[in-house]
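There are 2 protein chains.
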Amino acid sequence: MITVSIIGSGNVAQHLILAFKKAEGVSLVQVLARAPQAVAPLLEPAQIITEYHDLVQVDLILIAVTDTAIADVSAQIPFENQLVAHTSGSVSMADLDSKNHRGVFYPLQTFTKGKEIDFTSIPLCLEAEQKEDYSVLTAVAKAITTVTYPVNSEQRKALHVAAVFVCNFVNHLYQIGSDLCEEHHLDFDLLKPLIQETAAKVMTLSPREAQTGPARRQDSTTINAHLNYLNDTHQKELYTLLTKSIIDNGKKL
Amino acid sequence: MITVSIIGSGNVAQHLILAFKKAEGVSLVQVLARAPQAVAPLLEPAQIITEYHDLVQVDLILIAVTDTAIADVSAQIPFENQLVAHTSGSVSMADLDSKNHRGVFYPLQTFTKGKEIDFTSIPLCLEAEQKEDYSVLTAVAKAITTVTYPVNSEQRKALHVAAVFVCNFVNHLYQIGSDLCEEHHLDFDLLKPLIQETAAKVMTLSPREAQTGPARRQDSTTINAHLNYLNDTHQKELYTLLTKSIIDNGKKL
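So the sequences go chain by chain: A and B. Start counting the first sequence at 1; every next residue gets the next number (our numbering). Start counting the second sequence at 254; every next residue gets the next number (our numbering).
These are calculated hints, taken from the structure and not from any lab test. Here a beta-carbon is modelled for each residue, glycine too, at the ideal position from N, C-alpha and C. Check the hints yourself; a few may be wrong.
[As the list claims (entries may be wrong)] To be clear about the criterion: a stretch of chain A counts as covered by chain B if any three or more of its residues have a C-beta under 8 Å from a C-beta of chain B, and this derived list gives those stretches:
| no. | region |
| --- | --- |
| 1 | 105-117 |
| 2 | 125-137 |
| 3 | 178-188 |
| 4 | 238-250 |
Make a model of the complete structure from these sequences and hints.
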């Protein structure tokens with residue numbers, strides 16, 4: 001049985017706790033929580049601690065706290081040569097205190113408070129300094145997901161930027177769609193099948209093959225009609241820039 | 254039994270033919286095709302015609318051709334007072350020849366050649382000049398989908414722009430994610446669960462509630478790190494503008 005503890009009580013920590021509770025072959029020993037009430041409904045009272053000196057050594061300590069606190073938290077762990085991994089997409093492995101064995105255990109997904117998620121299909125991006133540590137990370141990861149990838153810190157940076165484009169920025173375009181509907185007394189539900197199909201298409205086609213629309217066709221009549229139609233400055237600027245980017249991208253073929 | 258004919262042989266026409274073939278209560282009488290070979294596998298030979306003078310009168314003629322040809326096609330229909338509707342998101346109902354009864358029958362979805370789609374959940378946006386014509390459109394629509402909406406020409410313009418944002422532009426952001434993966438020898442599959450969950454979230458939450466990420470948190474450390482990281486001009490410009498739009502949008506709350 002592999003033993004794991006978690007430092008953190010936020011969104012990612014909570015989703016990891018839920019995943020480990022269902023996992024076989026991994027035992028969740030302790031959760032060090034600054035906000036113990038946030039994880040209390042998920043754990044036995046004895047599993048929750050609030051002080052670093054109460055931590056016991058385990059096979060893996062996962063740090064699931066806000067990016068800017070990771071280095072400081074790792075320095076406070078009262079052990080040496082303990083395997084410690086953080087769960088962040090944008091923090092380097094080297095930011096962890098070097099007194100311990102270092103690793104990264106980054107689940108590439110958007111976690112929403114209160115919305116449970118099927119962890120078994122979430123890619124876990126793994127990195128470690130030493131081969132035997134990588135094996136521990138892999139064993140823990142495979143207990144909660146079917147999808148693991150070796151991703152080094154440099155690649156993880158690219159992946160985190162890519163995630164911002166396909167998640168945060170995509171959601172903002174949904175927001176613009178929703179605003180346009182609201183403005184014209186249309187139900188946002190009208191757009192939902194299109195949103196789902198657009199995502200479904202790139203599960204089997206490449207985004208390049210899946211691209212449609214006036215920009216892809218270089219249909220300047222429709223593009224100009226849309227630009228004349230839009231009043232909001234940001235919407236107009238985004239329409240212009242995204243259209244230009246699609247057209248230039250098509251030329252690269 | 255309501256009788257329908259289609260003018261057109263492209264993507265939308267083909268998906269409509271497939272939907273009508275499965276429908277009860279509607280009979281597809283003729284398809285007038287400039288490219289008869291494109292629809293030949295879907296129809297009996299007797300259903301396919303290539304000349305306007307071979308058209309027979311039916312309850313509804315649907316024009317599913319490219320936007321710029323709609324007005325001309327409608328003028329060539331050799332009848333008067335025949336109900337004629339086009340299927341375009343961006344053409345006004347008034348562009349149809351006024352010798353016939355006019356309507357719009359706009360399926361709000363992205364159609365991909367060779368990828369069959371469940372038509373029963375596609376919203377059909379309907380418009381007609383006369384009440385009895387609207388009833389015919391509704392009856393035909395309800396034979397192939399569970400989702401119909403009254404949408405006038407002004408609203409349809411807004412909806413078409415919104416569709417460009419949530420479909421074409423979203424797909425382009427998927428493309429950027431894919432490019433970043435490729436550049437760093439990462440599998441695009443890594444991003445797919447995130448893409449699916451991002452779309453799934455707005456089925457139950459509003460995009461405003463679902464928004465996460467560095468821009469939403471106004472996390473300038475991460476934003477600047479990402480901007481420093483990006484080399485491509487379009488990617489940098491889009492990152493900047495989308496971030497600004499998310500931040501300003503947050504201020505509107």
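Hints, one by one, checked against the model:
Counting residues of the region 105-117 of chain A whose CB lies closer than 8 Å to any CB of chain B gives 6, so the stated coverage by that chain holds, three being the minimum. Using a Cβ-Cβ cut-off of 8 Å, 1 residues of the region 125-137 of chain A lie near chain B, which falls short of the minimum of three, so the contact claim is violated. A count of 9 residues in the region 178-188 of chain A with a Cβ less than 8 Å from any Cβ of chain B is obtained; the coverage claim is therefore met, three being the minimum. Counting residues of the region 238-250 of chain A whose beta carbon lies closer than 8 Å to any beta carbon of chain B gives 9, which reaches the threshold of three, so the coverage claim holds.
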